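Chemist: Two chains, each in its own frame: build the complex with the hints.
One letter stands for each residue in the lines below.
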Amino acid sequence: MLVHSRGGRWASWLAFAVLFVPLFAVPLLVIVAASFSTHWSGAFPSGPTAEHYTAAVRGESLQALTTSLVTAAAASLLALTLGTWAALTAASLRGRGRRILDALFVLPLAVPSVVVGLAVLVAFSRPPLLLNGTRWIVILAHTVLVTAFAHQSVSAAVRRLDPVYEQAAAGLGARPSYVLLRVRLPLLLPSLGAAAGLCFALSMGELSATMMLYPPDWMPLPVLVFTATDRGSLFTGSALAVVLMATTLLVLLAVSRIRTRASYR
Amino acid sequence: MASAGATAPPVAAAARRPRSRTVPTWVWALPPVAVLGFVFLYPLGLVVQESLAPGAYADVLASASFRDALVTTVWLAAGATVGCLVLGFALALVVAFVPFPGARAVSRFIDVFLSFPSFLITLALLFVYGTVGMANGLWTGATGAAEGPFHFLTTPWGVLLAEITYFTPFVMRPLLAAFSQLDTAQLEAASSLGARPARIVRRVILPEALPALAAGGSLVLVMCLNEFGIVLFTGAKGVTTLPMLVYSKAILESDYAAACVVAVVNVAISVGLYAVYRVVSRRAGA
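Each protein sequence line maps, in turn, to chains A and B.
In terms of the UniProt record's numbering, the first sequence opens at residue 1 and continues consecutively.
In terms of the UniProt record's numbering, the second sequence opens at residue 1 and continues consecutively.
The shape of chain B in the complex, shown without the other chains (with noise of 0.2 Å):
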């Protein structure tokens, strides 16, 4: 960086502009806030505003589909949540405190993870616990049955484990972060006081975990109301989540109107969890 100046011409010799001509800061702030503007805010507000149209919230509204959609949306989001939130903490725990050979390749792994689709978990699945599959093939193997016991990937319960395998990596990774601002001599105490690790775990490092736990976790609740991959790859039928319901009323029924005001139930929905997100991760330094 030390080069930057030594290649430079001499900028000492040109003369500062006169302050009255500089243009103030919040001018350079209007060329992004434009383009932003009319690729997503203009479109955002057309959706609210056809999803206006005569009697279209009254008709969503009242519809069971819509209030069955919600409902599996949120419990499965919550579901999801809770569980990514123990799996990930168990995990994080035994990679930054009982670490083994290879600890740190699980972390690499944990970060390739993250930037793989959602719906190849989905994929995944229908080879180990599908009709077909893996799971079944050992039974019917086994057992000599006709057909395997597992039959839950088409139902709600496919799609939890699904988002549980997707999104605990996304909770694993600030608890990693977290862990290890954390420092060991507290731990070393603990345990030379005589404290037994699940007494250590809950004393010491849950309080320590808990900013990052509270941001990880309401990140993965935000992302799992908005899931659509894996949802779709499920095929499911019984299955409808409002990203899900938003794209066969506009895609497979041509419903705009109705596409329209449950995009804005799901927008208020995670807006508003983003914002509590938003608030709890300032408040945990993340």
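If we strip away everything but chain A, and leave its shape as in the complex, we get (with noise of 0.2 Å):
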């Protein structure tokens, strides 16, 4: 306890919420609050209607939604399958190796999301591969962008993980490939649907690099959204989004009920 007066005590909690509810809990609500309305001048919306939300899931909408869903679903299997195997392969090796295997998939990271895409867009309009204007440039670039965060956290739990596991299995005569399927890869389980729900967060709300790659017939969710605001519908774009974060929330949801199932085992 660092304020033990009464009064200090109130004060800092009153500074706290007089800072923290505007800034961060009210932009949310009034999301939510705009997606239920018709028109906003005054303190409050007004014009109460749920009409944004049936047009939220048909047509055009419903089909940006499912597109985000299997881009994200894709992208996260594969930066997860690309990844896990980066961060397996560079704890075991050594010294320069290992220094240059995880520096170059954090390198992501570091690169604008705007530049990635820019540079698949580039790549990929050209000979050897084709993609520009298929779905497959969408899930490539998004794939590109969360690879370095499933790295990231794969190879942070593999660090953690007791050798004294593996080091056993390998005692008792298990093959490397034997230790791999039944004592690693179950150990990191937990780890690694922590990591598979944060790529599909990430790649639900990419914006950056899909604004420059998106074809006409596989436009994402956050896609939708802006195109919606800018040309000023405003409140069919926060019905869009309160979509998109109920998504994203019940998908982080799901992934944490499978992972505290199987932390259990």
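Hints were generated in silico from the structure; no laboratory data involved.
This structure is a prediction, so every number in the text was calculated from the model and none was measured.
Any given hint could be a false lead.
[As the list claims (entries may be wrong)] Beta-carbon label-pair distances, calculated as ranges:
#	chain 1	residue 1	chain 2	residue 2	range
1	A	Val-18	B	Val-132	41 to 51 Å
2	A	Val-18	B	Ala-62	20 to 30 Å
3	B	Arg-203	A	Gln-63	52 to 62 Å
4	B	Phe-38	A	Gln-63	50 to 60 Å
5	B	Gly-238	A	Gly-232	14 to 24 Å
6	A	Ala-55	B	Ala-53	38 to 48 Å
7	A	Thr-38	B	Arg-196	45 to 55 Å
[To be verified] Just so you have them, the derived chain A footprint on chain B, three or more residues with Cβ under 8 Å:
#	segment
8	63–76
9	88–98
10	144–158
11	173–181
12	247–260
The beta carbon of each residue, even a glycine, is placed where N, CA and C say it ideally should be.
Modeler: As structure tokens, then:
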């Protein structure tokens, strides 16, 4: 306890509330409130309606939602495979090899996502691989962007892994592949789940690289939120944003349920 | 985990392979590196190559729009980082050391906040401070004026506010982790020796928090330099940052050589800063 006087405690809580509520809680509430209204020109929104939601789960919007879900699922799966492979290999390397591998896989974090989008666009609009205008270019860019996050969280988990288990298994004569599949990966399962959730959430909200790349028939939800707000339909945009937030939260919740079950095994 | 061995086939019977037939470990590193090389390093190399088109650098570096974007990007990122550090430190102090019912809920809320895309903040600010939003609506309702006083949303200040809002949790999380490691006996000792809260914060808590502050601050600096969603949603013609310039050159003007030049400059700044962040956070043990 830092502040002992009663008045001092209340003063610091008040200061906290004054800063925290308008900055962090109000924005999210405002979006939810706006998504249920048709008009906002006073202190509170007016014209309550659920119309934006009936529009948000139909036609173009529904398609954008499934597009986002498919893209995020595919990108997380690919990124998790790639990141886990690299993290496990790096852990068994020593010295310079390990540092180079780690640095390579962290690099996408430091490169602006807009530039990743531009680079992917430049590279895959020409032979040997023509992907421009297909959905694959969006999935590819998302994979590049989230691989670094997958690699970082998995390699942190690999470092925390107690080497006793694998040493015991190897000492009992288990082959490296067997140790990997039956000992290390099961032990890593909770962290893999966490990494998958992180990748999924990031990919669901990805806008910068997607704006550079998306073909007309593969438009993820964040792009639709942008086009809606850009043409002035702020209320439709916020309904779409609420759908985006809710879907992300639901998936994160499901992933953390699976995670707790895995850690009890 | 103990059950894994029980259901296993008798591995002891399988003879271990002779050492000479196992592949060296670095061979296993080749597939992921090859994939990353093809989907990330090769594209990045092409961007550098495109930027070397004759005259591209001279044209872009001489243009006023590029210099404006560079200045705007740097001061916005620096300002937002300072704002995030001050605000994040103050908020984390209260959550950690003046606990209140619901303080845990606040830290859960921060985790959730981090998983949302940044442009939602700008969208929300449009309703709060937009031309017909909440704040201006209250003002016109109260004073009867034709329009409200809040017009900063399409200026750099709107972007700054949105960036501080969105990135402060990124400072708070490592700070809360560092504060949970801090032995509260130190605080009790300092306060029983008569130190006032301000002095305890300055002499005990701040030195402990410095590594986490440095790591969080440099991460936020890099992320602010590269922020795109917030600036795009603001829709302000007057606010152009480097990522925004890359987008408008490439997609709106189809001037790929210029876009690549701006991209190379942006990557150089942010990779350099990110390297600093890695060094700082490794020293901090984060």
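Chemist: Against which earlier hints does the structure fall short, listed by number upward?
Modeler: Checked against the structure, the hints that fail are numbers 1, 2, 4, 8, 10 and 11, while the rest are satisfied.
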